[in-house]
Amino acid sequence: MAHAAIIKKEPNTIVIRPTKGWMALNLYDLWLYRELIYFMTWRDLKVRYKQTALGVSWAVIQPFMNMVVFSIFFGGLAHIQTDNGIPYPIFSFVALLPWTLFTNALNNASRSLVNHQNMITKIYFPKLVLPLASVLSGLVDFLIAFVVLIGIALYYNLTGQAHITITAALWTLIPFLLMTMMTALGIALWLSALYVQYRDVGYILPFLSDILKFVSPVVYSTTMIPAKWQMIYALNPMAGVINGFRWAILGTPTGPDTRLIISAVVALVILVSGMIYFRRMERTFADTI
Amino acid sequence: MKPVILVENLGKRYRIGLAPQRYRTLSENISQALSRPFRRAGAMIRRSVGRDVLQPGEEYIWALQDINFEVQHGQVLGIIGRNGAGKSTLLKILSRITEPTTGSVTIRGRVGSLLEVGTGFHPELTGRENIFLNGAILGMRNAEIERKFDEIVAFSEVEQFIDTPVKRYSSGMYLRLAFAVAAHLEPEILVVDEVLAVGDAEFQKKCLGKMGDVAREGRTVLFVSHNMSAVLRLTQESIVLEKGKLVLIAPSSEAVDYYLSAGNSKAGERIWDADEVPTDATPFRPIALRLRDQKGGVVDIIRSVEPFTVEMEYSLSAPLTGLRIGIYLSTARGEYVLTSFDTDDEHHFENHSSRPAGHYVSRCTIPADFLNSGRYTLGVNASSYRVRRYFMDEQVLSFNVNTSGAPGMQWAEPRPGVLRPRLEWKIEPK
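Chains as they are written, first to last, in our numbering: chain F, 1 to 289; chain C, 1 to 430.
Honestly, the hints are just simulated from the structure, not real lab data. Computed from a predicted structure; not experimentally measured. There's no promise every hint is true.
If you want a taste of the chain C side facing chain F, the calculated C-beta under 7 Å gives, among others [to be verified]: (1) His122; (2) Glu124; (3) Leu133; (4) Asn142; (5) Thr164; (6) Leu316.
By construction, the Cβ of each residue, glycine as well, lies at the ideal position given by its N, Cα and C atoms.
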């Protein structure tokens, strides 16, 4: 029912014995614990902005301040060109939406096991619940920041600096959002399982986020990458996501093509391999954490 | 009928000296990670059986070895043993938190384990929110929690504060709420560890009462405790673990007796080996606890009509201020008879509160005509009041009291009561 160690013989009977090798993913087990996923997500949300003066506004301040800083340095001083002459602030904010979701999800999910040591050593449950709930709880922040995007878009439309329209392409944001969470969860599954054993992961995370930010088209446009590197560049799933976001919202010429397929396949590979590795290491979590 | 829990050849091996290897440097990490698949493959080929390959220089310890027992439906089984005997490891395997290294456990029914109360409680959340969260963590369905919510709140006695964040709770309230959620878990098999070792006396009583209810409802319970009176009250049968091995399965009274008189010491004496003393006891180091009769011989049967001496030998590797050595005397059922400290006396308190490093003996004489017949347990405590407790063991050794010659022995009937003093009676016509 739960561990691969547990073999169902008769109803309600479990056999606990040492497991060998790779284990089945057992997604059904996750389904049985869906209420726990819900409660852990809800707890994350409830607790996140407790005892902060600005509360939930942090969900907006984070990407907004990033946008301001990027606009001054990259847009203003470095004169980075945007596609179709879109104003730099909204150009970067559209990228910062999925990026903030990604980086927060990656950080929180990677630390989720170590942050819940107590649960792991005292209670049985599918450990996948912890990183999954951390990723899901980031969605609410994303939605709040998305409302701010609408405000920014209205401002640029009204002042005539840009012409942002609602198109059918907006629906593609949902699969792009899924891809963001898949990638974040996939990397976090690897890192959270490694973190249990090696606390080095705690030091790797901040600069991993930074490095990924610069290999993703957050502050610049994908079109700046030379054509011969485009396919390699597409190996980063977040490149596909951000291009998709800009295409769907701002109409940049970075719509779905082969590069998106590459990004999507990589995202899937990261997620599936992460799950397999996680399941493999799960049985030793309680002993090594 | 098939047993509800069947444990066969169960063993659990832990790596020791793991700490220096555990958090390696980054470069080692990466090179290890990169070479791991190759080493894994090699190891798999070399040994197709067994799951972890012993690497040279690695040491292992068996926390549990060759454990076999079964539990029938509705049975309440006690698990007793000293610290490090493997009790917690056994419970962790039974509740699927950790995997065994060898053997298997077959469990028929839904298991609920309570290795701790309040797991997953978040200080920022209110009592109400924590009930739902903790319930979900313990494996209860949302509907189930909703149904039992009022009952849980009533049991916890924190109605007034149910919408206050638990970080504002007193520790007592926090524990009551945590236990209340756990107590309303209704698995077919309940695994409980030391939950009762926390909280005040009243709370413990309440917990014990609830545990008794659970046992009476015909559910299967596995109960680990250091509290022998709780074990005796709640369980019919117990297993005794010693250094990872199962040494006895017996009716609880017998098992408790065995546990209390076991240890690597002869009767009436307990000698601590260096490796038995927890490192956090330093600078205090217990050496021996002895029971001596009037003539100075080490005994484990005391005549109630003679005084006897409890002798605690210890050393200090550094000077200590405010140190007091205490003894606990309790009945075999776990009820305290008395607690006494070597610096209770004002004179001693002034002269011996600071003790330089060295080797000491603290002796205490228990007067004649004091205890009734029966079995008693002695414990020790070394602490500095409100500063630190260096060492404590409430069950160091046990002894019997023989009342031959005591007042009232002309009647053979047993006398209820812990004490059997020689009291002065006056009989006169009026």
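Status of the hints after comparison with the structure:
1. For His122/C, the suggested interface contact is upheld, since its CB lies about 6 Å from the closest CB of chain F, less than 7 Å.
2. Taken as an interface hint, Glu124/C checks out: its beta carbon lies about 4 Å from the nearest beta carbon of chain F, inside 7 Å.
3. With its C-beta approaching chain F no nearer than about 5 Å, Leu133/C sits inside the 7 Å limit, and its interface hint holds.
4. For Asn142/C, the interface hint holds, the least distance from its beta-carbon to any beta-carbon of chain F being 5 Å, beneath 7 Å.
5. Hint on Thr164/C is violated. Least Cβ distance to chain F is approximately 13 Å, over the 7 Å limit.
6. Because the smallest distance between the Cβ of Leu316/C and any Cβ of chain F comes to about 35 Å, over 7 Å, the interface hint for this residue is violated.
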